[in-house]
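Enquirer: Letter by letter, the chains look like this.
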Amino acid sequence: MTTAAKPQSGVGKYVVVYFCILAIAGLQFVVAYSNINSSQMLARMLFLAIIEAALALLFFMHLSDNRGLLWFVVIFTVFVLLTLQYGWTDSFRLSGGVPWAR
Amino acid sequence: MSHADTMGSHSAGMTAGPAFSVPAKKMAMWLFIIADTATFAACLVAYGFIRNATPNWPRPFHSITNVALMTFILITSSLTMLLGIEAAKSGDKARAFRWTMITAAGGALFALLHIREWLALIDEGMTLFKNPWGTGLFGATFFGVTGLHLLHVTGGVIALIAVGIRYQRGRYSADDLEITGLYWHFVDLVWMFVVPLVYLMNLGH
Chain A
-18 MTTAAKPQSG VGKYVVVYFC ILAIAGLQFV VAYSNINSSQ MLARMLFLAI
32 IEAALALLFF MHLSDNRGLL WFVVIFTVFV LLTLQYGWTD SFRLSGGVPW
82 AR
Chain B
4 MSHADTMGSH SAGMTAGPAF SVPAKKMAMW LFIIADTATF AACLVAYGFI
54 RNATPNWPRP FHSITNVALM TFILITSSLT MLLGIEAAKS GDKARAFRWT
104 MITAAGGALF ALLHIREWLA LIDEGMTLFK NPWGTGLFGA TFFGVTGLHL
154 LHVTGGVIAL IAVGIRYQRG RYSADDLEIT GLYWHFVDLV WMFVVPLVYL
204 MNLGH
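Chains as they are written, first to last, in the numbering used here: chain A, -18 to 83; chain B, 4 to 208.
Because the hints were derived from the structure by calculation, they are not lab data.
Not one of these hints is a red herring.
Quick list of in silico lysine-lysine cross-link-like pairs, DSS-like style, CA-CA up to 30 Å:
| # | chain 1 | residue 1 | chain 2 | residue 2 |
| --- | --- | --- | --- | --- |
| 1 | B | LYS96 | B | LYS29 |
| 2 | A | LYS(-6) | B | LYS28 |
| 3 | B | LYS96 | A | LYS(-6) |
| 4 | A | LYS(-6) | B | LYS92 |
| 5 | B | LYS29 | A | LYS(-6) |
| 6 | B | LYS92 | B | LYS29 |
| 7 | B | LYS92 | B | LYS28 |
| 8 | B | LYS28 | B | LYS96 |
Across the chosen pairs, the derived CB separations fall in these ranges:
| # | chain 1 | residue 1 | chain 2 | residue 2 | range |
| --- | --- | --- | --- | --- | --- |
| 9 | A | TRP52 | B | LYS28 | 18 to 28 Å |
| 10 | B | LEU112 | A | GLN66 | 27 to 37 Å |
| 11 | B | PRO58 | A | GLN66 | 16 to 26 Å |
Bear in mind the structure is a predicted one, so any value in this text is a computation, not a measurement.
Using N, Cα and C, we set each Cβ at its ideal position, and we do this for glycine too.
Make a model of the complete structure from these sequences and hints.
Expert: Spelled out as structure tokens, the structure:
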């Protein structure tokens, strides 16, 4: 009985995570129609996308079961994302000319 | 030195086990996913850079119905993939194959909806270099980012069908199905970032 019950509990967990991800995706659509400026909208949407991605990584891709691999993936990915940010501020210089133009 | 001795010393050298206790094939998939994350991140950062630096950025999307449906299908296909993997782990080959094919069908439906959306935009006059709403860069970035994702979805559907059939015939194991599932979840994960950045931020109010 116990061996038969295990996969069931796994499926139950996946269904809960699935509905959480769907709900967060729905929130993104709500944010898209809210009356806020683009920077705030981008920040909120990225925040929600990161939560969605974290849920998928931890539970759908089973990173929560392997701490070592989890840290490897997180550190590697964060490093790559940070290195991509070096030229980001230049886009403000192109649109506004200040203050990074100086 | 006998063959057994050679094998023994070889095994002794491998006592540390695979990195992070992950089988080599799965580790290879994780490394591919990390590399692909860098590719998509570079594309999305470049897209954000261009969008931020361009004053007359178009906002051509007036309905969220299509993108919401595509999102629902892709997230649901991740769940069906998990159901397939769970069935495979419990040894139920028929059920695992069925869920894997349902996942592939979800991916194919997503791709069809995506192509339909592309054709509608092309019909409105949008190409890689020009569109009726504003800067021509929009078409290049939109088709570039969503095209790269669509290419991944198409590749994923082909992989799911190929691995699913080989799993059913007994050539591949449940682990192989799980590794293909990792890729499929990654495709879903990327979409979670493409939707807000490329679609929802460009909604015409």
